[in-house]
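Take 1 as the starting number for the sequence shown in the UniProt record's numbering and just add one per residue.
Just to be clear, a hint being listed does not mean it is correct.
Label-pair distances were calculated between CB atoms; the ranges are [stated by the list, open to error]: (1) E49 with V186: 31 to 39 Å; (2) V117 with H43: 20 to 28 Å; (3) P188 with E54: 57 to 65 Å.
Since the hints were made in silico from the structure, they are not lab data. Beta carbons: idealized from backbone N, C-alpha and C, even for Gly.
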Amino acid sequence: MSQASAQPGRPAAGLSDTLPAPLYARVKQYISGKIGDGSWPPHHRVPSETELVEELGVSRMTVNRALRELTADGLLVRMQGVGTFVAEPKRNSALYAVNNIAEEIAARGRRHHARVVKSSEEPAGAARAAALDVGEGQRVFHTVIVHYEDDVPIQLEDRYVNATVAPDYLAQDFTRQTPYEYLSRVAPLTEGEHVVEAVLATPDECALLQIDRGEPCLLIRRRTWSASRVVTSVRLLHPGSMHRLEGRFKS
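Could you put the whole structure together from the sequences, leaning on the hints where they help?
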């Protein structure tokens, strides 16, 4: 479809007019068609709103609504200050398992890398002490790590660790191994619990995950034990447009 086919106030001929659908729905159909036929593969940069307005001959409001709804549907990812891209098919994680995110990403044929945002020793406040089953004021370790699939941030890991169980935790290079890998060696997992919630990320979390404010996220709150001791309490935050959980059970 050429830009010449678009006329002011009149939709371009490339938009389907076989159904009496609203214009924004026809723009969605056009974009999803490009994705479906492989013309726009995962990570492809979608034309800007201005470019789509000129190309399709519709209003900016119409284009904006189509892009917002396609993002909510999980077909697009909008990255602040960068642009809009075709999303990868949603990543699956097992609902009842504790997995290594690096292995999950490798299994999809992608590259994992991590950025350590925070690594510190802190005194445990009342809530953290209760979560880790330690005394209030006892030292705990705190790391914040962003995990990437290729160059797309897909998980924000905010982890507290019982320092008595893993005293050398902060000495590790978590750009070369994940906390899961290290903790599995020094304190093998014997028990775990988690809670799954739909949440809105804070402004700082949105910046780290490169998502728009207001995008729904999937949050997993997890605690793990080794023998009778709590090892870690962690928040795993995922952009909702990129992630889903799945599980299977029998009665």
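Hints versus structure:
One distance hint, 31 to 39 Å for the beta-carbon pair E49 and V186, is violated here, with the actual separation near 50 Å. Here the CB-CB span from V117 to H43 is close to 24 Å, well matched to the stated 20 to 28 Å. Between P188 and E54 the Cβ separation comes to about 59 Å, which falls inside the hinted range of 57 to 65 Å.
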